[in-house]
Amino acid sequence: MAPRRIDPRSQTPVGSFLHDGQRVAFRAGESLALALLAAGRGSLSRSPKYHRPRGPLCLRGACEGCLVRVGDLPGQLACRVPAAEGLEVRSQNAFPNASLDLFRVTDWFFPKHLDHHHLLVNAGATLNRAMQVFARRMAGLGTLPSEEHPFPTPSTLSVDALVVGAGTAGMAVANALAREGFQVACCEEEPRPGGEALDRRDAPTLTDLCDKVRFLGSTSAVATFDDGTLCVGPEGLGLVRARARVFATGCVDSVGLFPQNDLPGVFTARAAARMLRAGVVPGERVVVAGSGALASEVAAGCAEAGVRVTHAEGVVEAHGTSAVKAATVTAHGRAEKVKCDALVVALTATPAYELAGQAGALVRWDASARCFIPEALADGSTRAPGVYVTGSVRAPGAALQARREDGSRVALQIASDLRGGRL
Amino acid sequence: MTSRVLVCRCEDVTLDEVEEALAGGATDLESLKRYTGFGTGWCQGKQCVVACARLLEARTGAAPPAPITPRPPLHPVPLGLLAGLPDPEEAP
Ligand code: FES
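These protein sequences, in sequence, are chains X and P. Its first residue numbered 2, the first sequence is counted upward by one per residue in this note's numbering. Its first residue numbered 1270, the second sequence is counted upward by one per residue in this note's numbering.
A hint or two may mislead.
[Claimed, not checked] Some, not all, of what chain X presents toward chain P, calculated at C-beta under 10 angstroms:
1) Leu74
2) Phe152
3) Val223
4) Ser323
5) Ala379
[As the list claims (entries may be wrong)] Pairwise CB distance ranges, derived in the manner of DEER restraints:
6) X/Ala301 with P/Leu1354: 26 to 36 angstroms
7) P/Thr1296 with X/Leu424: 34 to 44 angstroms
8) X/Asp380 with P/Thr1271: 19 to 29 angstroms
9) P/Pro1334 with X/Arg10: 53 to 63 angstroms
10) P/Pro1334 with X/Ser417: 47 to 57 angstroms
11) X/Asp227 with P/Ala1352: 17 to 27 angstroms
Because the hints were derived from the structure by calculation, they are not lab data. These figures come from a predicted structure and were not determined experimentally. For every residue, glycine included, the Cβ atom is placed at its ideal position computed from N, Cα and C.
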């Protein structure tokens, strides 16, 4: 079994797209990945070297599990592309398709691992050349578009402040600055603002994003420079120039290092919570490993939907060949093998520091959290002028309330820097 | 399917490979990256950089002070989109 809609009649489909020739219906506001999962299509591509099956893991743009070809563009993250009528979506790097891929034999040929240093370097010139051709064929980066595309001219936007991420902290900063009369744009990868709070029923009531904030939904900030931030959204590429750049990019989750941790059916707690919010259960028998607000949210949501849930402290190993069939987990100090079709892992989240780092903030190892955190003063300012961080990207694991307060505090500093002509 | 622990999913880098590289002397994040290729795929290390830093810390007792340089773009972007940008050299 695979993920499915809890009540297929509760929301009516608003359209459909094709995946490998099969029609997939979607509901309003869904990404391609979510609609595919809900249709039980959890295997989307194959990994580059061993051709192991890959499926969505994080639903937040932080893995490679959901890469697909959309129209004739390869390498699109299905969890970041809003589903739309008539799209043609195809699995990539698999022959004939992602569920049945003949190149999978590579996984069995190289049981230890495929050591490219020895294969490519120590093999002698002719064999080396042959191996390179072979490796290029096998390595999965999709196929280039068949037609030439025009180069669209990017749109430009100039604001006082650009907030990247409309989670709890990002919304707090954006709202406070907009109410002070500054021009604020806020870009967010999801179609709606809210971030993690949307996935949690225990979240303090959301205040909406102030309507003076220019909200750029389904839009990813992909690169940031002193003279502008590149944002890719439904309208293509936009160049946003801002005197102040605020990174409220939150955290990403990992699933930990255990055998078969890459099987489709393994999800982060955030991904599973997001599926449940959309009325989709991750499986019929779900193991939730780990703890925290999102883990409880997932366990409660699955139980409500009548899905059998097993709680575990940690994961020893996942089992299965093309998807999760069982998991060996620890509970009450004992290891036990449990049958399941979804393994939800809730580990501590680590900061999405990349954009803050690109903007010039110093990113350093934090010995107690054991992850990289962008360095900032209490007021959110970093060593780079006009670059601020707020929320869980600088305080992983902080409660939602604390993130909101942090956003408000950082907004005060930005307002004073903008007024003082320092930016 | 062969049982593997994937450290970097994008580039199919296994725990085995990382441990072999560490044993072979790649004991800083940058050398480890260059030897195994972790963090050089689609996601540019959003999950595996921390995983490797933790392995390195466990192995050598010292964590890397900083991550590998996070380079743009954050997500895969069609080159055609970037080609439409004004040339910074020519910009007024
Ligand atoms: S990047 Fe889409 S599921 Fe992880």
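Verification of the hints:
1. Using the Cβ-Cβ criterion of 10 angstroms, the hint placing X/Leu74 at the interface with chain P is satisfied: the shortest such distance is roughly 6 angstroms.
2. Contact between X/Phe152 and chain P, as hinted, is supported at the beta carbon level, the nearest pair being about 4 angstroms apart and thus within 10 angstroms.
3. Against a cut-off of 10 angstroms between C-beta atoms, the interface hint on X/Val223 holds, since the closest Cβ of chain P lies about 4 angstroms away.
4. The interface hint given for X/Ser323 is met, as the beta carbon of that residue sits about 8 angstroms from the closest beta carbon of chain P, less than 10 angstroms.
5. A cut of 10 angstroms between beta carbons decides the hint on X/Ala379: the least distance to chain P is about 22 angstroms, and the hint is violated.
6. The given range of 26 to 36 angstroms is broken by X/Ala301 and P/Leu1354, whose C-beta atoms sit roughly 47 angstroms from each other.
7. Distance hint check: the CB atoms of P/Thr1296 and X/Leu424 are about 41 angstroms apart, consistent with the given range 34 to 44 angstroms.
8. Taken as a hint, the range 19 to 29 angstroms is violated for the pair X/Asp380 and P/Thr1271, whose Cβ atoms sit roughly 51 angstroms apart.
9. Judged by the Cβ atoms, the range 53 to 63 angstroms given for P/Pro1334 and X/Arg10 holds: they are separated by roughly 55 angstroms.
10. Under the hint 47 to 57 angstroms, the C-beta atoms of P/Pro1334 and X/Ser417, about 32 angstroms apart, miss the expected range.
11. Between X/Asp227 and P/Ala1352 the Cβ separation comes to about 22 angstroms, which falls inside the hinted range of 17 to 27 angstroms.
In terms of the numbered hints stated before, the structure departs from hints 5, 6, 8, 10, listed from lowest to highest.
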